[in-house]
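Going line by line, the protein sequences match chains D and R. Counted from 1, the first sequence has number 321 at position 321 by our numbering; the numbering is strictly sequential. Counted from 1, the second sequence has number 5 at position 5 by our numbering; the numbering is strictly sequential.
Hints should not be assumed to be uniformly reliable.
Unchecked claim - Keeping only pairs whose Cα atoms sit at most 30 Å apart, straight-line, the calculated DSBU-like set for lysine-lysine is: (1) D:K494 x D:K424; (2) D:K485 x R:K199; (3) R:K140 x R:K174; (4) D:K424 x R:K140; (5) R:K140 x D:K485; (6) D:K485 x R:K17; (7) D:K3 x D:K494; (8) R:K108 x R:K174; (9) R:K233 x R:K17; (10) D:K55 x D:K2; (11) D:K424 x R:K199; (12) R:K199 x R:K174; (13) D:K424 x R:K17; (14) R:K174 x D:K494; (15) D:K2 x D:K424; (16) R:K108 x R:K140; (17) R:K140 x R:K199; (18) R:K199 x R:K233; (19) D:K3 x D:K485; (20) R:K69 x R:K17; (21) R:K174 x R:K233.
Hints listed in this document are in silico derivations from the structure and should not be mistaken for laboratory results.
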Amino acid sequence: MKKFFRLVRVGLRVNFGLSLLRPKALLENKRDFWLIVLILVGIAGLSPVLLYYLKGIRFLYGLLAPLGQQAALLTLAILAGQFLILVFGFYYVLSAFYFSRDLDLLVPLPVTPAQVLLSKFSVVVVNEYLTASLLVVPVLAAYGFHSRAGLRYWAGAALVYLFLPVIPLAVVSLLVVGMMRFVNVGRKKDALMIAGSLVLMAAALGLQFWLRSLPASGPGRQALVAFFSEGGIIRKIGASFPPSIWATRALVPEAGTTGLGSFLLYAGVSVGLFAALFLAARALFYRGLLGLGEVSARKRRLSREALSARVSSGRRPVRAIFLRELRIMNRTPIFLLNGVLSVVLIPVIFILFARGGGGGSSGDAFQIILLLASSNPAAVILGSALFMTICGCLNGTASSAFSREGAHFWMSKVIPVSPADQVKAKFLHSFAVAGLGILVAAGAAVAVIGAKPGCVLLAMPLALAAAAALTSVGMIIDLSRPLLKWTNPQKAIKQNFNVLIAFLADAGLLIILTLAVTALYGEGLGGAGIIGGLAVFLAGLSFLSFSFLLRIAGRRYAEIEA
Amino acid sequence: MIELENVSKSYNNGRVKAVDDLTLTVRPGEIFGFLGPNGAGKTTTIKLIVGLLRPDAGTIRIDGIDIRKDPIAAKSVTTYVPDTPAVYERLTGLEYLNFIGDVYGVPKAERLRRIEHWLEIFDLSAAVANPIQSFSHGMKQKIVLIAALLPAPRVMVLDEPMVGLDARSAHHMKEMMRTHCAGGGTLFFSTHIMEVAEKLCDRIGIIDRGRLIAHGTLEELRAIDREGQSLEKIFLELTAE
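Isolated chain R (complex conformation):
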């Protein structure tokens, strides 16, 4: 579960409000899609959740753990995939996965089983012994994704996870997201792809200029607009200047 309570974050000595008094709960077993125009505050919110940024105000809890009071406990149940796959290029894919396994404490048998499984699914078995430097952008995205899946976390936070993935990998990714939540996990992700949000998400939040302007199931969002239009139309109307 992810809980945000009155969370705010600003830049330039408070002149730019990136996230403004955000309150939101993502329940276990739920896929939550986070939409918003460029610069709306999606990535800032995600970075606040995973502890990359410190909120100016408010409380964030992961599975009931306050991330400020016990950040290590919160991090040990969370994994994160950033919007750009900036990973240790001088390590091999396997060294990177071992690093993640070592810091999360994944037992050897489980580690081997999961690595084999996800490498097969994302078609990286033949490349994993090579330096990440030799990987294409999509392959780097996949290795970061596998690293995020390796600890089998209860909470996954993904920033634009589909970018750079080929159609097959994107399909596997969506399957993985459903499986993760079917097992009681929580998944929070941002996207610009409306179809993905429409088809995949249990609930959707729309953020604009740092404020959560709407959230709920697709049906609930459609109810905001009496004509019952597509998510894209709803999004465009809600985020219009």
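Chain D with its partners taken away, still in its complex shape:
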């Protein structure tokens, strides 16, 4: 046990020591003060969403309390938190268990496979507390305040939150450990791993699809009550995935019970799954891990002709760096899953979520999709542009463009290529990935939602201009404080603070633009005027952000020490 706790302690230090707990590292140079401004723009843009969320919780509580159904809010929040962890925990688990560079140090140590795996699992659990906090903690806290809960509730809420990630993460971990045992054979490990990942993601999507296909009533107050009421949809979902019901009963006991039984059930299943993971770790972990990094190679001497055909010519630094970026991104499974595959999958996920399983356009949460099917051409153009921009830019390609180089950054420092040229090549690569997302989104909008092709085509320049601006913003953020010391490729892209900052900035900017467009429309400005103004604004923004990126490139390349 002592060894296990020591491994967990070291794991936590490695995990948090580099970024989250180093506030000083946010700004390496006082001249980068604008980065704080960018974060503030993001927060300002997102704060209406957070306020809306809190107001929504208060509204629902007020609606359900007279019916005595307010505890269903807790069920929904816990269910949503666990579902979020179930879907996104997959990447964390996969890279933490199998792609951390520290595994080369841990495996030869006199510790058991179970100790190594469970210590890594514990670190992921701690990460997930942060991931789920924005979704779940406001509901737990709001419920406590509104119901004037006593100490018992608050202590119970803390315990429920403590166990929250364990069940979904243990389920994902068991699947991943099983998958990797199967995948770690033969020469096509990377391809098998990506295929396996897609199958698991498809399964998660299928689950979402099924949940959304459960019968729901039309919109309105009554529907909400029915949604949350006894025998309503939340209870039905809860019955299919009961831990959220157990957790709710533990916090708000049913009449005549103390809630202890429900808590013991909730905690017991968590512990049971942890034990199952312990057994799986003993039996399967090293068999899936050892030799994973080995790549079998055919010893094949190239003929002079073949060598000559493959040797390139001339001085083409931008092309060379673009190809390097493309190859490394697409050949590193974790990068590929978070880059190209993300932009292909996000439009599909978006539309599946929005349309639900019923076949009709029941996804009222995604008003953009409604816009795409609108009869107003201006609304279709603006909605398509927003949809395509989100689909193309909602990935970490640009905001990890420098961090992904990691320990190889020394090469970018010593080659005789100006930082401006290097940045141009990286921009082209990130923009190409965004462009792919835009194309897939355009196709999905036309083929699945039935948006008018002409409108989608007109929306494309808007989306491309927005993508150019957001790509530059993402790269500026990453270049300001690249995360080059990582042991796990996941750190460079999925757990990179820069990706989060860029996401905040992108979301903030898009929300501000959407609010501005809505306000202008409300003021009676015509669709053509709004689209024209937006096009000029986005073109200007992309020009300015790209120019700024080039301007800081020389200074930052010189400052970053490798």
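Starting from the structure of chain D, add chain R where the hints point.
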């Protein structure tokens, strides 16, 4: 030619002086060996020369070009081999060499000739089409070395280049170093192997705690110690606490 003038570099807000007021010139056609105990400042000096680190003070010139004023011109005549071969593992050996050829602008015919030549010398012809990920440590060291030779640079800076090489490759490496300098090139390298420094270097520098404590030809260093001992003995005496 490599010139360092009063170069200093410190860490931890000046508390740790890694390189302290270093002045040194390595002339064209010269093999310069850089010796020192662990943590003496060898790698920091090398990283300063190739532009991986920025000096706190002083000037560094490569072939007369100030690396701060015109870093691209300085880099285009320099190649570097680090102490650990951290290279793009997801590229094949040939893709990596093409990348280097593209960024240095090596013409196709020259590129093909040099790649064939060095692959043959370092026995990598059969592996070059495979991902670098599949290479052993020594093979990675060799591919980095070939990449450094591909542009036929005027200045080569090598950090512990013999580590990981087998005896045959180490022999070829020493031959290459001599050939490079016989053609007027400049070569600066660090090593812990005294015999290599003794046999190969035109001049030797010894650094300790960031300061260059002795430099000159082997004979000049021997003259410091009246008994005319081996380089190892001289090194041990000069770097003693």
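Exercise. Taking each numbered hint in turn, which are not upheld by the structure, reported in ascending numerical order?
Worked result: Numbers 2, 10, 11, 13, 14 and 15, in rising order.
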